Each structure stands twice: as structure tokens, then as C-alpha cells.
Amino acid sequence: MIAARLKGLVTFWYRFFVGDDWIVAAGVVVALGLTYVSTKLIAHTFWIVPAVALILLAASVFRAAGTRKAD
Amino acid sequence: MNGSALFVTVFLACAVEAVEATTVVLAIGTARHWRSALIGTAAALGLLALITAALGPAITVLPLNVLRLVVGGILLIFGLQWLRKAVLRAGGVKALHDEDAIFREQLAAAQAAADGRRTLVGDWYGFTVSFKSVLLEGLEVVFIALTFGANQHDIPLASLAAVIAVCVVAAVGVAIRAPLSRVPENSMKFVVGVLLCAFGTFWGAEGTGVEWPGSDAALPVLIGLYAGVGLLLALALRARNKVST
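Read top to bottom, the protein sequences are chains A and B. With this note's numbering applied, the first sequence covers 1 to 71. With this note's numbering applied, the second sequence covers 1 to 245.
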């Protein structure tokens with residue numbers, strides 16, 4: 001009973017923060033991490049986050065469109 | 001970001017979520033028991049107010065860079081989800097959000113569900129469905145309002161935008177007692193997705209230590225970039241659908 005409730009809670013928060021496509025969430029975290037490291041070591045790499053986000057969006061949209069077509 | 005941009009973003013995000021919650025509450029009230037549906041709604045709004053009161057001060061205690069990094073990252077993930085959904089709908093891959101169809105489905109489910117009474121609540125099913133619906137749709141709204149407000153040091157204005165959006169949608173829903181199917185929900189979702197992506201990118205990168213070229217002037221550029229790519233993706237999906245049919 002408790003395990004089932006815990007599982008439900010974890011699933012809810014996972015869906016709340018991560019959503020339908022975990023690759024997008026993971027990609028955003030990686031992009032922010034890369035920006036942090038490169039800004040500390042090299043220069044103000046402001047372009048990394050928007051560039052990665054747009055690639056993630058396009059990839060996610062076409063992945064979803066391909067999956068729906070295959071259904 | 002000025003106050004009006006903060007207000008518009010939070011208002012639109014709240015209005016979209018409020019339309020979805022209102023559809024469920026209207027179906028429950030129509031099919032079963034208005035009083036239970038409204039008590040469920042009030043209970044969920046009370047819990048959301050408590051969450052806001054608890055989280056609001058906690059968020060503002062965080063150092064600004066940490067706040068911007070964490071909040072920016074989460075807003076960007078939210079924004080990409082909203083934008084992805086809106087693009088798939090605009091591109092004809094996913095069905096447009098149909099409040100009439102959702103209303104009919106909820107109505108049928110509510111009519112088929114068994115009766116049950118609890119203390120203070122005449123219809124337990126109506127209470128729980130309304131409560132869950134308002135709470136789930138409201139959580140995202142609370143998060144958006146709090147994080148936008150905290151970043152701009154203006155939680156009261158963000159909260160005001162959220163409350164006005166919920167009141168306007170609820171008032172219209174109660175007045176017409178029908179699903180709000182004329183609200184251009186997909187367009188609103190697209191706009192909110194673009195704004196969340198732009199602000200999430202801006203704050204998230206700032207949180208890592210980045211200085212944007214042109215400072216705040218980078219924001220409109222980001223908004224234009226996400227909107228342009230979103231529109232291009234929707235057009236590409238439509239063209240692909242036309243070729244394949």
C-alpha cells in the first residue's frame with residue numbers, strides 16, 4: 001500500500017518535471033552544465049543553451065511525429 | 001523584464017490551465033452535484049494557496065544565481081514541453097485540444113460513476129474529481145507564478161495575474177455553464193511555451209554565470225527565435241502531412 005503510494009508520488013513528480021520526453025529534460029541539464037563549465041574556463045558561451053534547446057525541440061517534435069505516424 | 005511581460009506570461013499560463021480545470025468542474029457539476037464540485041474546487045484552491053504561502057518565502061531565500069539556474073532550467077523544460085505540444089497540434093500531428101470532447105467524456109464518466117457520501121460532501125466522486133483536476137492544473141501555475149515573481153522580485157504582481165486569470169475563466173465558465181471551446185487554447189499554449197523557453201534560457205544561462213550580449217535586450221531576440229523556429233516546425237509538419245496523404 002505504502003509502496004504503491006510512493007510509486008504514484010514519484011511518477012507524478014517525474015511527469016510534472018520531466019514530461020513526455022526525458023531526452024529534452026536531460027539535454028537541458030547537459031546544456032546548462034556545459035555552459036557553466038565553458039563560461040568558467042573559456043568565455044561567455046551564451047549561445048549553447050538556446051542552440052541545444054532548439055535542436056532538442058526539433059528532434060523531439062519529429063520523433064513524436066514519426067511515432068504517431070508509425071501507430 | 002518589465003511588469004507587463006511578467007503579468008502577461010503568468011496570466012496566459014494560468015488562463016490555459018484554468019480552462020482545462022473549468023471544463024472538468026463544469027462536467028462534474030452538470031452531471032452530478034454542483035455543491036460537491038465547488039467544495040472540491042475550493043479545497044484544491046485552498047491547498048494551492050497554502051503551497052504558495054509556504055514555497056514563496058522559501059524560494060526568495062535562495063541566492064539569485066542558484067535560483068536563476070534551477071528555475072531557468074525547469075522553466076525551459078516546461079516551455080519546451082508546452083511548445084512541443086503546441087507545434088504537434090498546429091502541425092496536424094496531434095488533435096487540437098477539444099474542450100467539447102473532454103466535457104462529453106467527463107460527463108459520461110461522471111454519469112456512470114457510483115454514488116457515495118462522506119461527511120460534509122454530498123457526492124464523493126464529484127468532490128475528488130474536481131479537487132484532483134484543479135490541484136493538478138494549479139500546481140504548474142503556482143510554480144510558474146512563483147518562479148517568475150521571485151526572479152523579478154515581484155511575487156505579488158505574479159500572484160495577482162494568476163488570480164485574475166483564474167477568476168476571469170471561472171466567471172465565464174459559470175456564466176455560460178458550457179465548456180470554453182472558443183478559447184484559442186493552442187495559440188495561447190504556443191505563446192506561453194515560447195515565453196517560458198525564452199525566460200528559462202535567459203535566466204538559466206545567467207545562473208551559470210553567462211552575461212548576455214545587450215543584457216535584457218537579448219530577451220526579445222530569444223522570444224523571436226523560439227517563435228520563429230516553432231512556426232517553421234509546425235509548417236514543416238503540415239507540409240509533410242500533405243505530401244504523405
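Since the hints were made in silico from the structure, they are not lab data. One thing to keep in mind: the hints can contain errors.
Stated by the list, open to error - These stretches of chain A come out as covered by chain B in the derived footprint (C-beta under 8 Å, 3 or more residues): (1) 17 to 30; (2) 33 to 45; (3) 48 to 61.
Note that the coordinates shown come from a computational prediction; the quantities given were computed from them, not determined experimentally. Ideal placement from N, C-alpha and C gives every residue a C-beta, glycine not left out.
Cross-check of the supplied hints:
Against chain B, the segment 17 to 30 of chain A contributes 9 residues with a C-beta closer than 8 Å to a partner C-beta. That satisfies the three-residue criterion, and the hint holds. Counting residues of the segment 33 to 45 of chain A whose CB lies closer than 8 Å to any CB of chain B gives 6, so the stated coverage by that chain holds, three being the minimum. Only when three residues or more bring their CB closer than 8 Å to a CB of chain B does the claim for the segment 48 to 61 of chain A stand; here the count is 10, and the claim holds.
Against the hints set out earlier in the document, no violation occurs for any number.
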